[in-house]
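Undergrad: Letter by letter, the chains look like this.
There are 2 protein chains.
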Amino acid sequence: MNTAQPPSYQNLKKHLGVYHARAVQRIKDHIPEKGPRESLYDLVLDYPTRGGKGFRPGLCMATCNAFGGDNELALNTAASLELFHNAFLVHDDIEDESLLRRGKPTMHQKEGLGIAVNVGDAMNVLGMRPLMANISILGHEQAWEIFTEVEHMVRQSVEGQAMELNWVRSNSSCISEEDYLEMVLKKTCWYTTIHPMRLGALIADVEISLDEFNLLGYYMGAAFQIQDDVLNLVADEEKYGKEKGGDILEGKRTLMLIHLMNHCSKKEGTEIKEFLGKERSCRSAADIEWIMTLMEKYGSINHGIVSSKQLAGAALHEFTRLFSSLPAHPDKEMMEDLVMYMIHRDY
Amino acid sequence: MNTAQPPSYQNLKKHLGVYHARAVQRIKDHIPEKGPRESLYDLVLDYPTRGGKGFRPGLCMATCNAFGGDNELALNTAASLELFHNAFLVHDDIEDESLLRRGKPTMHQKEGLGIAVNVGDAMNVLGMRPLMANISILGHEQAWEIFTEVEHMVRQSVEGQAMELNWVRSNSSCISEEDYLEMVLKKTCWYTTIHPMRLGALIADVEISLDEFNLLGYYMGAAFQIQDDVLNLVADEEKYGKEKGGDILEGKRTLMLIHLMNHCSKKEGTEIKEFLGKERSCRSAADIEWIMTLMEKYGSINHGIVSSKQLAGAALHEFTRLFSSLPAHPDKEMMEDLVMYMIHRDY
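These protein sequences, in sequence, are chains A and B. Counting from 1, position 332 in the first sequence corresponds to residue 332 in this note's numbering; the numbering is continuous, with no gaps. Counting from 1, position 237 in the second sequence corresponds to residue 237 in this note's numbering; the numbering is continuous, with no gaps.
If you're looking for bench data, these hints aren't it; they were derived computationally from the structure. A couple of the hints might just be wrong.
[To be verified] Here are the simulated DSS-like pairs of lysine-lysine, each with C-alpha atoms no more than 25 Å apart in a straight line: (1) A:K252 x B:K332; (2) A:K273 x A:K13; (3) A:K110 x B:K273; (4) A:K13 x A:K110; (5) A:K110 x B:K309; (6) A:K309 x A:K266; (7) A:K278 x B:K110; (8) A:K273 x B:K110; (9) A:K332 x A:K244; (10) B:K252 x B:K104; (11) A:K278 x A:K266; (12) A:K110 x B:K278; (13) B:K273 x A:K252; (14) A:K110 x A:K28; (15) A:K34 x B:K252; (16) B:K273 x B:K53; (17) A:K53 x A:K244; (18) B:K309 x B:K53; (19) B:K252 x B:K266; (20) B:K252 x B:K332; (21) A:K28 x A:K14; (22) A:K53 x A:K34; (23) B:K14 x B:K309; (24) B:K244 x B:K273.
[Unchecked claim] Which residues of chain A face chain B? A few of them, derived with a C-beta cut under 10 Å, are: (25) E33; (26) E38; (27) H91; (28) G103; (29) G114; (30) N124; (31) F147; (32) R155; (33) N171; (34) S173.
Where is the CB? At the ideal position from N, CA and C, for every residue including glycine.
Work out the full structure: start from the sequences and follow the hints.
TA: Below, the structure is given as C-alpha cells:
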C-alpha cells in the first residue's frame, strides 16, 4: 500500500504569494486616481485580488533572480503579466460562459456583459502602464524589447483562444492530440510560462538566447493546463473555485474529451457529438455524469493525468539543463518546486 | 424659401477615402501570415473593410502634412488608430447589443459572442504592431511618445464607455448636459479627433504644445457624436447603416434623451424611466415611436441639432486660430471641410 503523500508545497505557496502580493500592489499603483470607480477601476482589481496563485509574476521574478538579475527591476513587468492574465480571464469567462472564477461569480455574471467586456479592455490598456514605466528604469531599448515580448504573448493567446472557440462553435470531433497541444502552446504556454521566464531572463541580461526557455515553458505550461482540466473533472469544487465538470458543460475540447472522442465506439461518438451540439442551457447534470462515466470507461481521465506527469517530467529535464549550473538561490529552488507542483496540485 | 443645399463634400470624401484605404492596407500588412484565419484574422479585417469614413487616419495624416510634416511617417500610427477604432466598435456593439454596423450584422450577431470578444482583443493587440514598427522610422523616443498618446486615448475611451454603460445599467434619469459632455469627451473625442490630430502634429514635430489641439478636438468630436446620435433618430437606415432608433432601444443616454428627461412632465418622466428599466427584448417599435414623439414635442431633437451646430461653430473658430497662419495645402483645406462636414453629413 502506497501511503506517500505529495508534498504540501507550503514554502512554494508562500514564496509565490509574496511575489503575487507585490505584483498586485504594483497594479494598484498604476490605477488612475481619477475616472469611474464602481463601474470600472474597482472592478479592474476584482479578479487580481481574488487570490490567484501568482504563477506568472512568480516565474518572471524568480527567473530574473535565479539568473543573477535584480528582480526589483522586473516588478513592473510582473505586474503587467498579472494584469494581462486577469484581463484574459475576464474575457475568457464570457467566451466560455463560465459561472464561477476563484470561488465567486464571474465578472459578467456579477456586473453584466457590457461592463465585463469593458473592464477586460480596461485591464488590457492598464497593463501597458507598467511597461511604459519600464522606460525610466530599464531605458528605451530594453523597454521596447519587453514590449515586443508582451505583444507576442497576447497575440498567441488570442490565436489559441480562436482555435479553441472555433472547435466549440463548429462542434469539431476530429481533433488530434497534436492539434490540442498546438492550441495549448498558444492559449496557455506563451503567457503562463514561456514569456514570464523569457522576460525575467531578459531583464537579468542573460547571455543565452531567450529561445532556450521555450521548451521548458512549453512542457510546464502544457502540464499545467492538462492538470487544470483534470481538476475541473475531479477536484473539490470549493477548493478549486470553478463549477465541477464546467468544462464539459461548456463543450471545451480538453485532452480528456479529445481522448474519449478518439477512442469510444462509433455509436457513442455520435451521441457525444449530439450532446456537444446542444445549446448549453439544454445540457444537464446527468449529461455531465454520462460523459464522466465514458471518460472513466476509456481511461481518458487517467490519460490526462499521465500526460500531465510526462510533460512535467520533460519540464524537469529541461529545467536541469538550464538551471543546474546556476548558483544556489531560493528562487532557483522555487522554480524547481514549481515544476513539481504543476502535477501535484489538487486545486 | 431657403433652397440652399448643403455642399456634397465629394472632395472631402475622396480625400478621406484615400487615407482610409492607405490605413487599411497598412493594417493588412501587419496581419500575421500564420495563425487562425476564419475564426480570427479574416474577421479582424471585417469591420475595417466595411468602408468606414476614415476620420481618424484622415485627421492624423492631414494634420501631419498641414503642419509641414511628411505624412508617410504617420501611416503606421494612422493604421493603428483605425484598428483601435474598429476594435472599439466590435466590443461596443456587444456592450450596446447592437444589431447592425455599417449596414451589415454586427460581429457578435454574425460570429457569436465568444468569437467576437476575442476578435476585438486581437484587433487591440494587432494595433500595437504598427506602433512597434514606428521605432525604426521615428526612433525609440518618439515611438514611445506616440505609444503614450495611444495608451491615454484607449484608456479615456474605456472610461467614457464605463460612464455610459453605468447610466444604462443603473437606469439613471438625473444626468446633466455637463455629465453628458464629459462622457462624450472621454468616449468619443479623445480617440476620434483629439489624439489623431495630436499624433499627426507630434510626428510633424510641431513647435506648439500638443495640448493646443485639445479644444478643437473636443468641439469637433462632440459635434460629431451629437450629430451621429441625431442621425440615429432621423437618418435613412440604408444610408446610415444602423437600426433606426436603435439608440432608444438600447436605452442609450444621448443628448436628446437627456434633454427630454430634463424637460418632460413628471408623469412622462416616470413613464420614460419605466420604459428604460425594461429588458431590451420587451421594448417595442411602438415604444420607440412614443419616445420620438415626446422628443419632437419637447424640441429635444432640435436641441441636439442646434448643439451640434454650435459646437461645430466653436470648432471652426479654434481651427482658424490654429491653422490660419499655416501655408495653403490640400490637407489644410480638407481639415476645414471636415469641420463643416461634421454638422452637414446625413449619414
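Undergrad: Indicate, hint by hint, whether the structure satisfies it.
TA: For each hint, the structure was consulted:
This hinted pair does not check out: A:K252 and B:K332 have alpha carbons roughly 54 Å apart, beyond 25 Å. For the proposed pair A:K273 and A:K13, the alpha carbon gap of about 40 Å is over 25 Å, so the pair is violated. The hinted pair formed by A:K110 and B:K273 meets the criterion: a straight-line CA distance of about 23 Å does not exceed 25 Å. This hinted pair does not check out: A:K13 and A:K110 have alpha carbons roughly 29 Å apart, beyond 25 Å.
With a C-alpha separation of about 41 Å, the suggested pair A:K110 and B:K309 falls outside the 25 Å cut-off, and the hint is violated. The suggested pairing of A:K309 with A:K266 is violated, with an alpha-carbon distance near 30 Å, which exceeds 25 Å. About 19 Å separates the Cα atoms of A:K278 and B:K110, which keeps this hinted pair within 25 Å; it holds. Between the alpha carbons of A:K273 and B:K110 the distance comes to roughly 23 Å, so the proposed pair stays at or under 25 Å and holds.
Only pairs whose Cα atoms come within 25 Å are accepted, and A:K332 paired with A:K244 is rejected, the gap being roughly 34 Å. At roughly 21 Å between alpha-carbon atoms, B:K252 and B:K104 fall within 25 Å of each other, so this suggested pair holds. Between A:K278 and A:K266, the direct Cα distance comes to roughly 19 Å. Compliance with the 25 Å bound is thereby established for this hinted pair. A distance of roughly 19 Å separates the Cα atoms of A:K110 and B:K278; the hinted pair therefore holds under the 25 Å criterion.
Taken as a hint, the B:K273 and A:K252 pair is broken in the structure, with Cα atoms around 41 Å apart against an allowance of 25 Å. Of the supplied pair hints, the one linking A:K110 and A:K28 holds, its CA atoms being roughly 22 Å apart against a limit of 25 Å. Restraint check for A:K34 and B:K252: satisfied, since their Cα atoms lie roughly 24 Å apart, inside the 25 Å limit. Only pairs whose Cα atoms come within 25 Å are accepted, and B:K273 paired with B:K53 is rejected, the gap being roughly 35 Å.
With a C-alpha separation of about 19 Å, the suggested pairing of A:K53 with A:K244 holds against the 25 Å cut-off. With a C-alpha separation of about 20 Å, the suggested pairing of B:K309 with B:K53 holds against the 25 Å cut-off. The straight-line distance between the Cα atoms of B:K252 and B:K266 is roughly 20 Å, inside the 25 Å bound, and the hint therefore holds. Of the pairs offered as hints, the one joining B:K252 and B:K332 is violated, with about 35 Å between alpha carbons and a cut-off of 25 Å exceeded.
For the suggested pair A:K28 and A:K14, the alpha carbons sit about 21 Å apart, so the restraint of at most 25 Å is met. As the CA atoms of A:K53 and A:K34 are separated by approximately 30 Å, the hinted pair breaks the 25 Å bound. For the hint linking B:K14 to B:K309, the alpha-carbon distance of about 24 Å falls within 25 Å, and the restraint holds. Distance hint between B:K244 and B:K273 is fulfilled; the C-alpha atoms sit about 21 Å from each other, no more than 25 Å.
The restraint placing A:E33 at the interface with chain B is violated, with a minimum CB-CB distance near 12 Å, outside the 10 Å limit. Proximity of A:E38 to chain B holds as hinted, the smallest CB-CB distance being about 7 Å (cut-off 10 Å). The beta carbon of A:H91 comes within 5 Å of a beta carbon in chain B, closer than 10 Å, and the hint placing it at the interface holds. Checking A:G103 against chain B: minimum C-beta separation of about 23 Å lies over 10 Å; hint violated.
Interface hint at A:G114: satisfied, since its Cβ lies 4 Å from the closest Cβ of chain B, which is below the 10 Å cut-off. The interface hint given for A:N124 holds, since its Cβ lies 6 Å from the closest Cβ of chain B, which is under the 10 Å cut-off. Evaluation of the A:F147 hint against chain B yields a held restraint, the C-beta minimum of about 7 Å falling below 10 Å. Of the supplied interface hints, the one on A:R155 holds, with its beta-carbon coming within about 5 Å of a beta-carbon of chain B, less than 10 Å.
The restraint placing A:N171 at the interface with chain B is violated, with a minimum CB-CB distance near 12 Å, outside the 10 Å limit. Of the supplied interface hints, the one on A:S173 is violated, with its beta-carbon coming no nearer than about 17 Å to a beta-carbon of chain B, more than 10 Å.
Hint compliance for this structure: hints 1, 2, 4, 5, 6, 9, 13, 16, 20, 22, 25, 28, 33 and 34 are broken, all remaining hints hold.
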